[in-house]
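Asker: What follows is the residue order along each chain.
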Amino acid sequence: MSVSVYLPDSQPGPTSASLAPSPSSLNGLRIGVLDNGKPNAEVVMIRAAEYLATRTGAIVSVITKKGPLGLSANAAIPLAPDRLELLVAECDIILTGAADCGSCTAYSVHDAIELEKHGKPTVVATTTHFEPVAKTLSTSFGAPETRLLVLPHPIGGTDERTLGAWAEAASDRLIALFTGKR
Amino acid sequence: MTTTEAGVYLPEFVELIDESPESMFAMLESRGLGDGLPMVAPTKARVEAMLAHASGESDEVLFTLQPRSGVVTRRVVAINAVMAGCAPEVFPVVLTALRALARPEINLRGVNATTHLVAPMVIVHGEVIRTAGFNSGVGAFGPGNRANATVGRAVRLIMLHVAGAKPGFGDAATHGQPAKYTFCAAENSDATPWESYPMSVGIDSPSAVTVHCGEGPHNVHDAEAAGDPALILDKIASAMTSLAQNNAPISQAEYFIILGPEHAASIAERAMTRRDVSNYLFNTARMPARVFRKHFQELAWANWMKAVADDELLPMTGDAENIRVLVSGGPGKHSLVVPSWGMTRSVTLPLEG
Numbered sequence: 001m002s003v004s005v006y007l008p009d010s011q012p013g014p015t016s017a018s019l020a021p022s023p024s025s026l027n028g029l030r031i032g033v034l035d036n037g038k039p040n041a042e043v044v045m046i047r048a049a050e051y052l053a054t055r056t057g058a059i060v061s062v063i064t065k066k067g068p069l070g071l072s073a074n075a076a077i078p079l080a081p082d083r084l085e086l087l088v089a090e091c092d093i094i095l096t097g098a099a100d101c102g103s104c105t106a107y108s109v110h111d112a113i114e115l116e117k118h119g120k121p122t123v124v125a126t127t128t129h130f131e132p133v134a135k136t137l138s139t140s141f142g143a144p145e146t147r148l149l150v151l152p153h154p155i156g157g158t159d160e161r162t163l164g165a166w167a168e169a170a171s172d173r174l175i176a177l178f179t180g181k182r
Numbered sequence: 001m002t003t004t005e006a007g008v009y010l011p012e013f014v015e016l017i018d019e020s021p022e023s024m025f026a027m028l029e030s031r032g033l034g035d036g037l038p039m040v041a042p043t044k045a046r047v048e049a050m051l052a053h054a055s056g057e058s059d060e061v062l063f064t065l066q067p068r069s070g071v072v073t074r075r076v077v078a079i080n081a082v083m084a085g086c087a088p089e090v091f092p093v094v095l096t097a098l099r100a101l102a103r104p105e106i107n108l109r110g111v112n113a114t115t116h117l118v119a120p121m122v123i124v125h126g127e128v129i130r131t132a133g134f135n136s137g138v139g140a141f142g143p144g145n146r147a148n149a150t151v152g153r154a155v156r157l158i159m160l161h162v163a164g165a166k167p168g169f170g171d172a173a174t175h176g177q178p179a180k181y182t183f184c185a186a187e188n189s190d191a192t193p194w195e196s197y198p199m200s201v202g203i204d205s206p207s208a209v210t211v212h213c214g215e216g217p218h219n220v221h222d223a224e225a226a227g228d229p230a231l232i233l234d235k236i237a238s239a240m241t242s243l244a245q246n247n248a249p250i251s252q253a254e255y256f257i258i259l260g261p262e263h264a265a266s267i268a269e270r271a272m273t274r275r276d277v278s279n280y281l282f283n284t285a286r287m288p289a290r291v292f293r294k295h296f297q298e299l300a301w302a303n304w305m306k307a308v309a310d311d312e313l314l315p316m317t318g319d320a321e322n323i324r325v326l327v328s329g330g331p332g333k334h335s336l337v338v339p340s341w342g343m344t345r346s347v348t349l350p351l352e353g
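Chains as they are written, first to last, in the working numbering: chain A, 1 to 182; chain B, 1 to 353.
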């Protein structure tokens, strides 16, 4: 005899967020780099921001760790309120990461959505291995279109020269992500 | 969907040809659900029997769970509790554990998403141990007791189905671990030489539930101590002192020290209090500051620790209060150390259905 059973998975709550409008050109825009302290995150993101600036005429205006006063970084909690304030005041576009683990991906995506809510197009630097996690969490947090720069894996433990090559190769993708031409 | 108005969620039904394990497996696998083990079919009658042990509206949205922001109602919890094999008497314990996991200090978004193997440990306290049949004695962490086994499993099913902690998506754990199937035990208050654990953290209630998000238990064996607390506690400190635990770079991280009754008795016979145990371990589980600094690029440390010179010894946690002590288990000269995931704090709540 057939039987009715409940489904156990309920549904996501009413979370939704819209991304900031994308600029048509990056010329003259101020780039912020928000570092979550993961090994080599700063190395690869600063290089990527510098290449992007050279290519587009943007300028790197802020490089900061995500903890209070930028003195520390903890990848498993949200960015400090004073860092949010700083980036909103002094940047037009932001690159954050590295989203190359689980909790750091969750909070990099979370931080990016917070910055997008404040009108700042923000790219999360993740890796091939963590792209599925980043996409799932972007959807869970209400912004499935979160801008993801997918780099090779791993960022931690890779030498500086290789990271530099990855950063340079990422320029086209970064321009597309920031300008919304995806 | 089935949310009819703000604050209410009505779950959907599906039809199965029968309620056999095979039919349940087929339905769950087609939807990417389940923990891989057989489940009890959540029929309306079984779910209603579970709900009879809770108070309040069955379909009221109580809170959401991260990272998916999945909505939690008593009925959603009851469905998963039925599937886990829970008897209705334990239902308020499952609900209370989930209320604890929804608290911001747990940081469930990080706990579920991390590559670390963290699993929520549920500890049951007070009268409900007896009335609902939990095991606080021999083999408290399992196997063999339905209440312990199914409460831990129900919490995990809610993490999978509602919180979105699906391996590879909302749960990036590199390996996972057995405690992610179920991780629940009861406090052995009869064998506790001090006040109950909830009382020690200011919760005065006939029954309570504690949740701590960390590693699986690390065993500590001290059979030769002849009752000398220092010999027991030094071995516990040895199990705590490790660069491999997230407690090393994160000073707010707690330890749960689960003393076996015999170790607890030996310690208390020398007039040591629970606080003395924490203080002793805080003092003993240490490494040179230089070693921590060599191994970690980022240290989420209390500011006083950052100021300590390289040659000084630093504790494995920033405050003696982070070393939480309770008694569980049966006869034998063993105790357990349960390190933390790190960016999370344990929560103890009075039992509430």
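Honestly, I wouldn't trust all of these hints.
Claimed, not checked - Interface residues of chain A toward chain B, partial, derived using beta-carbon atoms under 10 Å:
#: 1; residue: 13
#: 2; residue: 72
#: 3; residue: 84
#: 4; residue: 150
Stated by the list, open to error - Capping the alpha-carbon separation at 30 Å, the derived lysine-lysine pairs in BS3-like fashion look like this:
#: 5; chain 1: B; residue 1: 235; chain 2: B; residue 2: 166
#: 6; chain 1: A; residue 1: 135; chain 2: B; residue 2: 166
#: 7; chain 1: B; residue 1: 166; chain 2: B; residue 2: 294
#: 8; chain 1: A; residue 1: 181; chain 2: A; residue 2: 120
#: 9; chain 1: A; residue 1: 135; chain 2: A; residue 2: 181
#: 10; chain 1: A; residue 1: 117; chain 2: B; residue 2: 166
What the hints assert, rightly or not - Which chain A residues face chain B? A few, computed with CB under 7 Å, are given here:
#: 11; residue: 4
#: 12; residue: 9
#: 13; residue: 15
#: 14; residue: 19
#: 15; residue: 37
#: 16; residue: 133
#: 17; residue: 137
#: 18; residue: 166
Worth flagging that the hints you see were computed from the coordinates, not collected in a lab. We put the CB at the ideal spot given by N, CA and C, even for glycine.
Asker: Are residue 166 of chain B and residue 294 of chain B close enough, with their CA atoms no more than 30 Å apart?
Answerer: 35 Å, violated
Asker: Please check whether residue 4 of chain A passes as an interface residue: C-beta within 7 Å of a C-beta belonging to chain B.
Answerer: OK, holds: residue 4 of chain A within 7 Å of chain B, min 5 Å.
Asker: Next pair to validate is residue 135 of chain A with residue 181 of chain A; report whether the Cα-Cα distance is within 30 Å.
Answerer: 18 Å, holds
Asker: Residue 37 of chain A was flagged as interface toward chain B. Is the shortest Cβ-Cβ separation under 7 Å?
Answerer: Status holds, d = 4 Å.
Asker: Holds or violated: residue 166 of chain A as interface residue toward chain B, Cβ cutoff 7 Å?
Answerer: Constraint on residue 166 of chain A not satisfied, violated at 20 Å.
Asker: Would you mind confirming whether the straight-line C-alpha gap from residue 117 of chain A to residue 166 of chain B stays at or under 30 Å?
Answerer: 27 Å, holds
Asker: Tell me if residue 72 of chain A is really an interface residue toward chain B, meaning its C-beta lies closer than 10 Å to one of theirs.
Answerer: Nearest chain B Cβ about 7 Å off; hint holds.
Asker: Have a go at the residue 137 of chain A hint: is there a Cβ in chain B nearer than 7 Å to its own Cβ?
Answerer: Holds, about 5 Å.
Asker: Quickly compare the C-alpha distance for residue 135 of chain A and residue 166 of chain B to 30 Å and report which way the hint goes.
Answerer: It holds: about 13 Å lies between the C-alpha atoms, which stays within 30 Å.
Asker: Go through the hint on residue 84 of chain A and say holds or violated, using the shortest Cβ distance to chain B against 10 Å.
Answerer: The hint is violated - residue 84 of chain A has no Cβ within 10 Å of chain B, the shortest such distance being about 17 Å.
Asker: Would you settle whether the hint for residue 133 of chain A is holds or violated, based on the nearest Cβ-Cβ distance to chain B being less than 7 Å?
Answerer: The hint holds - residue 133 of chain A has a Cβ within 7 Å of chain B, the shortest such distance being about 5 Å.
Asker: Tell me if the interface restraint on residue 19 of chain A is satisfied: Cβ within less than 7 Å of some Cβ in chain B.
Answerer: With Cβ-Cβ at 18 Å, over 7 Å, it is violated.
Hint violations for this structure: numbers 3, 4, 5, 7, 14, 18, all remaining hints satisfied.
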